[in-house]
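Undergrad: The chain contents come next:
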Amino acid sequence: MAVADSHDTHDDHHDLYDHGEFIAHHFDSAEQQFDSGKLGIWLFLVTEILFFSGLFVAYTLYRTNHPEVFEQAHVFLNKYLGGLNTIVLLFSSLTMALGVRAAQLGRNKNCSIYILITMVCATMFLGVKAVEYSHKWDMGILVRSAFNLTYTHPTPTTEIGKALHISDYLVYLCVVPALLLAGFLVASVISKLIDKGTLAKFMIAMAITVSGYFLGVCIGIIFMNATEGETGSTHASVIAEQPLMLMASTQDDHAEDDHDDGHDHDDHDKAAADSNHEGEHADHEEHFGAHPADGGEASFDAHHPDPSTLSRDVGIFFSIYYCMTGLHAIHIIAGIIALAWLYWRSLLGHWRTDYFGPVDYVGLYWHLVDLIWIYLFPLLYLID
Amino acid sequence: MNWQLPLMLAQTDSSRLEELRERTEAISMQGTTVPDSSLVREGTSNPFATEYWFPTQASSFAGEVDFLYMAVFWISLIFFVAIVGSMVYFCVKYRRKDGVIAPEPSSSHNTAIEILWSVLPSIILVWIFYVGAETWFEMRIPKENAEEIQVTAKQFGWLFTYEDGDQTNELHLVRDKPVRLIMQSEDVLHSFFVAAFRQKMDIVPGRYTYAYFEPIKDGVYRLSCNEYCGTGHSKMKTACIVHTSEEDRKNNTKWIEAEKTPFENGQRIYQIHCSGCHKVDGQPATGPALNLIWGKNERMIDGTTELVDEDYVLDSIWYPEKHIVEGYGPVSKMNSFKGILDQKDVDYVIAYLKELKDQSGDAK
Amino acid sequence: MVDASTRQKLFGTPETNFLNCSKGWKSWAFTLDHKRIGIMYLIGVTVALFLAGVFALVLRSHLFTFDSKMLSDDMYNQMFTLHGAVMVFSFIIPSIPAALGNIVLPMMLGAKDVAFPRMNLASFYLWIIGTGCLLAAILSGKGLDTGWTFYTPYSIDTNTGVIYATFGAFILGFSSIFTGLNFLVTVNTMRAKNQGWFKLPLFVWSLYATAIIQVLATPVLGITLLMLIAEKTLHIGIFDPKYGGDPVLFQHFFWFYSHPAVYIMILPAMGVISELISVYSQKRIFGYSFIAFSSVAIALLGFLVWGHHMFTSGQSLVVTLIFSAITFTVAIPSAVKVFNWLATLYKGSILLNTPMCYALSFIFLFGIGGLTGLFLGALSTDIHLHDTYFVVAHFHFVMVGGTLTALLGGVFHWWPKIWGRMYNDFLGRVGCFLVFSGFNLTFFPQFVMGSRGMPRRYASYDPEFQIFHQLSTVGAFVLGLGILLSFVVLVYSALRGPRCSSNPFRAASLEWQSSSPPDFHNFIHTPVLTDPYDFESQVYDEELDTYIPREFANPAKVAPRKEPVHN
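Chains as they are written, first to last, in the working numbering: chain A, 241 to 624; chain B, 114 to 477; chain F, 333 to 899.
Just so you know, these hints were derived from the structure itself, not from any lab. Do not take every clue at face value.
To be verified - Straight line, CA to CA, 30 Å or less: simulated DSBU-like cross-link-like pairs of lysine-lysine:
{"hint": "1", "chain 1": "B", "residue 1": "K206", "chain 2": "F", "residue 2": "K894"}
{"hint": "2", "chain 1": "F", "residue 1": "K401", "chain 2": "B", "residue 2": "K267"}
{"hint": "3", "chain 1": "F", "residue 1": "K401", "chain 2": "B", "residue 2": "K210"}
{"hint": "4", "chain 1": "F", "residue 1": "K525", "chain 2": "A", "residue 2": "K278"}
Source: prediction; values computed, not measured.
Can you make the complete structure from the sequences, with help from the hints?
TA: Here is the structure:
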């Protein structure tokens, strides 16, 4: 009869899963625990999707109601940087999947390596994003109420900004990662000294992770310099004032700018809407010769429309842009923290063929975060 | 329990009405209680009568609204009495006798009856929905000849602008003359509500909303803001006075005289901002001519048609890219006037467009 | 069949139980036990109820005369806002699921705990933080005057503590999501062996349906409130018409959550009533599958009707028509439940004790609440009644007459199980009578006022409505007294009440197979799977003075089973 002690009834399970150290007391079996966790994480992903859905609905409504705003606004987004970030995140999804596979096979060392690569990709993504954000803030591309497009980049005031010729905002965005990097390096040295092998390993991995951010910043700046030319900012008057670009004034391949993109945008170009536009190509070549401060309406092209011709509601596009990408970035940061926890547990060798739930769950979360970016990228960057 | 109205209002119609009208003269925008002749009723102590639940039916569709209300009232009452009656009956009849805890076995499932009590209410619900929707179309779709009055709501008061540009702080209407309110808010959400008319509509900043009704009974009715709008929400009420005739209205209203009519204001705005690209002689220029467009269904470049109404004009001035008329484009050459022309200015432009349309009509 | 000593061990008064198995505040603050978390939730929501109840009494006192000067207009606006916000976000939404459901649900499944106990505790602490943020609006001295709906653009323009409050509601949303997610997983994976979906008590079904809504709708509220905060701080121009935003979009977002939230509030209440009616009639619930599926139907349909809060907001004719039509479809499953409860009473063995009195009050009050919904679902009458006292009365009949009544009934029903002590039934019934009569006196006159055109949220009103407001105010104090009395009865019994047995009411769902109070692990044996509505499965044991499953009883003393009638 069923009056047996509850522990007895579960004996058969205990035979199968005799290492119950990771089975919580209220579960009967590892299987039940894994199923619960899996269902839980899927439901959590559903809430995440619905969480973003509010922004997607707002996006859809404003795009339907004000399509012109979206066409005017998207030229300010650098699709090469966006594309770069897409590739980085896709690659991180691959390494995450490999990490999950390694955990399922109980290969803790492989798992830890894959997770580390995933984390580095995540911080790289954030680094590139920081370059994008600071570039926009410099130009006054802000949310609706503060939107004040100028094209002129303020001269950096911080020492580092002056020395490296980068925007103040980018310097500010690097402060926290720099402190973290220093902290992890010190921590790794200390833990090495007090002979905590695993802890030291973990701290070094964290330091590598954070340096991914700076790698992202560097690559971001290089991409920005290489592509801003192509996407249009070839006017000397503009370049001269762009401290963000390390090598801007020496970029010779601007000349090869054949305006493929320019053609695409001509149709939508409402900048100035005047006859000067007919001679845009000619203008362009001419301007490239670094005439200083040519100014005037003619100097604006498809990618640098005259601010006075823009709809005031272009700012709403950037409101939505900052909300969506900002919320996504917060999710990336949360993902990095979860991945760090997984990394720590991989170092401790926790994963076994019958216990790998956490890696699986965080993996699903990470894929979702990637997936959201896969939607954000075309919706925001590739409007045409 | 005393379900009657307080004595002071439980008098007969005619003697009170004059007094109410006098009091209305003294209404200021802030804080005074507004008299309402629609609540002065006979027979208000019988809770099964329409008069008990509702103010006077002062609009053309009020009777239909009340009819549905009372129909649902009786349906609900029958269901409610049946439910509670049987519940009380069961509780008395089958109450637990001492010592006998287990009841006689009885059925716990009966598909036939379960389907019956799912389907029967459904049929009633379909009827309620149908009647409700029918009346509601009448409440929402205006008649052609309706008088148009601009309503501006702001914290915490009302401004009504009539077709000739005169303004009042109370709403003055003429009996049996349909009216269409074109409403805008200067700040937050408000809502236009006159219980005697059974009509209500939110007033949303940044767009126009409309309310339509035909007063059929003269009197003084309470007009209140029905959407919470801040500190003085409960003070944001005024009187709606229905006059017996146009002359009665003209003579018995304290008008705030218009300095210029909306049409003249609109003409001035047109000359400053629009005349460069838009002609009023029917000839297309940089943009379409404006003299015949009001109320017209314009064809857009994407093949759709758009009715030129208040919101169309507002959109075209604030968001020129939104509606591009066939034959122009592909992109609009017009800049947004958002921030240059506010909603009040757009009102004047609309008045001008209407006037242009009327003139052209007269000319033919 | 087991011997008497085993019976004593399993169903007698236990020496150790979840209440006394560990001591000290830390054993509560860091507990992962669903029962203790449930009790902490119960205390929490009671505090919220009293706080919001005091706000209600203050504003009802203010409304006693038409030109009252008791509160300034601003204070009045703050009072109704805080009353609504605290009641909705901190009290009603977590009340039945997070407090009662937490205690009862795992036991109904024969489980030791919910699937994620840590998440459960986190949910409770999020509730505390969220409620704290809501109240920070008051403590900061700014107050909150937007109405609980936070409608834009007023919420953007006002200088009161909207950011505190919306952040609080945001946090409370996550608390609710955690609970819902936990319940969904628990019901899916933690059911007792062979306990199929149709062997679950209807309370579990209703909690499951509720959890679906919590998980699917609450994130939308979360992002909406975040956007509102961003709008208020950065002016992003999504909701603010000054910057090209659309204030009606906020209403769509808000009601996309808040209408389903209405079902978060009422569905668990319906589940409780299904249990009470059945147990205190000692009769199998009538039409089990109809009730079960109607819960799910209400949950799903509830997502498609949010637009009926916006019939007057200027949305398009077609959209309005569709929303009205779908709204009526929700009425059907609700009506089906009421009919099924009545059919359960038919030929039952009805015990009119305190929980049953609450259950019967529920049918009465929810009947009125539901039927008055018809007036508001129909388009033409809704235009007239929208945002008047008619609406106020309608949703109080559903939220208070429905949810609060069911909560009290449920608490009285499971109270002996939680504490192992019995309450004074007579005083309990007096409390129920006061709640019932006070409630009707408070809200019935509001239907009359609303029909006659008294708008809601008015700090002062026109004199002809005064008599109704006075009735309402008197009723509110009677209602308050009733709740206070019930509270005293409950607290007294938990501390001093006579000991009670494991299953005094002859209920058949699994939680009654544990001792009272239950063991830390809920059951010291693996519970015998019984049909939750087969009361013949429970037989009386004289030695223990309680009902126990037939399988455990001494066959010599057991009366033969009455077989149910099938047709």
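Undergrad: Of the hints given before, which are not true for this structure?
TA: When the structure is compared with the hints, only number 3 turns out to be violated.
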